[in-house]
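I would like the entire structure built from these sequences, with the hints used as guidance.
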Amino acid sequence: MNTQESYARIEKAARARKITGRTFTYIFLVFWALMVLFPFYWMILTSLKSTSAYNSEFVPKFFTLAPTMENYAEAFTAVPLGRYFLNTLIFTLVTTVIMLAVIVLAAYAFARLDFKGKNLVFTLFLALMMIPGELVIITNYVTVKTAGLTDDGGSALRHFAGLILPSITSVFYIYLLRENFAQVPDDLYKAARVDGCTDLGFLFKVMVPICRPTIVTVVILKVIECWNSYVWPRLITTKQEHFLVSNGIQQIRESGFGRDNVPAMMAAVVVISVPLIVLFLVFRKKIMEGVSRGGTKG
Amino acid sequence: MKKSGAKGWLYLLPAIVLLGLFMVYPLIDVFVYSAEEGYNFVTQTAKGIGLYNYSYVLRDPYFLQAVKNTFIIVIITVPLSTGFALLIALALNSITKLKELFQTVYFLPYVTNTLAVGLVFMILFRRTAYTDGMINLLIQLFGGQGVDFIDGPYWAKMFVMCFYTIWVVLPFKVLILTSALASVNQDYYNAARIDGTSKGRIFRRITLPMISPMLFYLIITGFIGAFKAYSDEVALFGTNLNEAGMNTIVGYVYDMLYGSAGGYPSYASAAAVILFAIVLTITCVNLMVSRKTVHY
Amino acid sequence: MKVVLKNLTKRFPNRNKKIGGEVIAVDNFDFEIPDGKLIGLLGPSGCGKSTALNLISGLLEPTEGQIFFGEDEVTKLPPENRGVGLVFQNYALYPHMTVLQNIMFPLQNLKGDKKLPKEEIVRRAKEAAHLVQIDQLLERKPAEMSGGQQQRVAIARALVKMPKVLLLDEPLSNLDARLRLQTREEIRRIQKETGITTIFVTHDQEEAMSISDLIVVMKDGAVHQIAPPQEVYDDPVDLFVAKFLGTPAINVFRGEAKGGRLLLAGEAVLDIPGVKDGPLAVGIRPEGFKPDPQGPLAVSLRNVEVMGRDTSVVFDHPAAESENPRAIVASDERPAGHEKTIRFRLDPKKVHLFDPETEKRIRPEG
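Chains as they are written, first to last, in our numbering: chain A, 6 to 303; chain B, 5 to 300; chain C, 662 to 1027.
Honestly, the hints are just simulated from the structure, not real lab data. Being a predicted model, the structure only gives us computed values, none of them experimental. Glycine included, each C-beta is placed from N, C-alpha and C at the ideal position. Incorrect hints may appear among the rest.
[Stated by the list, open to error] Partner residues are not named here, just some residues of chain B that face chain C (Cβ under 10 Å, in silico): (1) Gly156; (2) Ala160; (3) Ser183; (4) Ser187; (5) Asp191; (6) Tyr193; (7) Asn194; (8) Ala195; (9) Arg197; (10) Ile198; (11) Asp199; (12) Arg205; (13) Ile210; (14) Arg295.
Here it is, written out as structure tokens:
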């Protein structure tokens, strides 16, 4: 056999390997994509079936010919879903805004200001990063309860304060932001001072705009965290009108819509899932970038 | 610069006050609680100091069940999800067409409320008087025997549990591994191809060492995350996890604090401290292993 | 092993999707690289020389055309079956392996009847290391070595499996000036010792000139000239090649041919028999200016830069297209520096005429 013939055989084999490899790769990827999407499809599908249609299907159908919006109406009337929504929205916005103010100031102090004991305090901050929330939540619950900031003791406002207080600061985000602030060249600070800019002015006119990507990352992560927060709100909330969406959905799961009304349940699930998914689809690149820089979930 | 001494503390004040109140104080306090015997919530007094809370918790069958469940979840989901995520990331990195679409789809579970989607999983897996449920019908279609995954035997519940956990944690791991793989200089692969390195060898000798720092980061955070499993369990089996036999250590802590059997912050503290000790030990072991195997 | 390229073409889809269409990275290459020579692929960055190298290595598949190693066609053969060694611009040494492990890596990949026993692998790796003179560094990791040492390891790794063709992608660009000089001699020596057909890519004309047996000058995916270094310099086929080679660069003037004489700004400066009347682009090498009080070319002196052995004379001339026209003269002939005007005679061998439209060379008779 001459060289050219054996070359031809090698070429053919390599081509065949490449095509089979590619085919298997795509089959695998499509398979898992379906696994991911199926629950979403199922909840939307079910939410569009009428209750009677759903309950009469021993073998569930994969489509529906008579979509109905009645479950959505039911979800908003039988339980105060709109109320949960509003609560969560306010909780998310207020927590994120206050937290941003707290961490921006702290990160700036660590990155730019000079004071005695700075390094020691920063080291202590870093050490705090290793403390799991589960360890401190017990005392926090007792503290907040004792201070009358739960909703079986205090007013709605006091309860709201109790809700947000433990989550309006974060060592990890301060660290993330400080690292970014520290990269801003010192000369900019000196130039700004010479131009008569105050510390605070410099922070908001120069630092924050320059470090916008990191701040966006923090906001994204915090919003996702707030929207999904469940444990702490559940601990200190008893009244239904103060529920966040997670507590709401859990309560729907436990007590249902009167009798086990699955389509209405799914309508509620869809409504709760939609805001974050829309947000994700719009800011897809930013969110994925942000999570890969600072995410930890999982 | 001297003048900004006070200013620095002023800027830090909100963070220090909040962290002091909600991180440092509770951190010390939790150890105090865990050592106070017979603590009374209402009077806020204790009878004495000792290790009784620990011995109580360690003898509590609910706690032992929770520890067992947690360990099973950790041992099954961490390796499986990391390995599977690596497989997906490798596949994603080998294609160009539709790559962005797949990435977007795979990331979806990260931005969904896990309690809400857990409900969908429950519907899919459970058996009721009306229907055997989607999954059971599929099993029967392939000639298998259906089973109630939500209210049935322990292994069935554990299966759903692990499956859902993997479904939830996968997006983050896929994201991290995809970008880790993409950041490996293409020249290494070209060099290996020129040298006729087989696919398996490229993976073992080049890809794996190159992404090993990221892989270990994922394994460590994966362990920590899995040990803290709780809300996924609630999503599938409801808040009364003890009754379902599916409680986790974190779930036990919350139940002791609140819930139907609640009101015992001392027991909760002891359980939390035990959890912390376990996580710390595992993380240290992980770090030691990674120091030995990660090359740079 | 000689390498033959036949009508080789590579087109990429345009990266900017808005513009669309295709980019031609390699345009109809058609030449033969003789066995056992050192060839420099020379061109400005982005001219497709790395693409050409990747086509030869098999990392890329050509859009059209064929590649032959010796008499055998390898156009679609996967890279591992071609028997090429490739040295990357950034060396691509595996950071987690020692030098020895890096060099052994290609041999450990061999399968079937080509598989080598462990001792043989080590022996050959050490032999390759010896060839590039890094015997002392075998246990180091790449990060613990200088750029020049890493470069040698990369060459050893490419050589260890005794390739038919050795390919080097910008082998010197990551080294500092002193190491560059040293390493290029090293490459020349290794190539001579092994006799392996070697193709290297560079954008540095000095590098290409100093070690190549043959230079291939490229621009925008097309080959402009293939010739030995001195010939490329002395006898460029077009204005691009003339401009690209030589430091200081060739001086370009707007000229005119009239009645067999070359006019610069209306003054006849050289006889160019047989050249048709009309405008010309005139390239004059800096060493083509000979100081001569009776010379036909008068220029106004701008500046004199002393460089020791030579002197560089920067001047102004109304027909000059180059921004800083420059003549290199021997130090003992240099102008004093206070004259306003100096006169030159031109060396006809250092004056190249080009068509101002096509930029192709126009050669006078005789």
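These are the hints, each one checked on the structure:
A hinted interface residue such as Gly156 of chain B counts as satisfied when its beta carbon comes closer than 10 Å to some beta carbon of chain C; here the least separation is about 48 Å, so the hint is violated. A cut of 10 Å between beta carbons decides the hint on Ala160 of chain B: the least distance to chain C is about 44 Å, and the hint is violated. The criterion of a C-beta within 10 Å of any C-beta in chain C is not met by Ser183 of chain B, whose closest approach is roughly 19 Å, and the hint is violated. Interface hint at Ser187 of chain B: violated, since its Cβ lies 13 Å from the closest Cβ of chain C, which is beyond the 10 Å cut-off.
The beta carbon of Asp191 of chain B comes within 4 Å of a beta carbon in chain C, closer than 10 Å, and the hint placing it at the interface holds. Here the hint on Tyr193 of chain B is kept, as its CB sits about 9 Å from the closest CB of chain C, short of 10 Å. Below 10 Å, beta-carbon pairs count as interface contacts, and Asn194 of chain B has one with chain C at about 5 Å; its hint therefore holds. Taken as an interface hint, Ala195 of chain B checks out: its beta carbon lies about 4 Å from the nearest beta carbon of chain C, inside 10 Å.
A cut of 10 Å between beta carbons decides the hint on Arg197 of chain B: the least distance to chain C is about 5 Å, and the hint holds. Contact between Ile198 of chain B and chain C, as hinted, is supported at the beta carbon level, the nearest pair being about 5 Å apart and thus within 10 Å. Restraint check, Asp199 of chain B versus chain C: the minimum CB separation of about 4 Å is within 10 Å; hint holds. With its C-beta approaching chain C no nearer than about 7 Å, Arg205 of chain B sits inside the 10 Å limit, and its interface hint holds.
For Ile210 of chain B, the suggested interface contact is upheld, since its CB lies about 6 Å from the closest CB of chain C, less than 10 Å. For Arg295 of chain B, the suggested interface contact is broken, since its CB lies about 14 Å from the closest CB of chain C, more than 10 Å.
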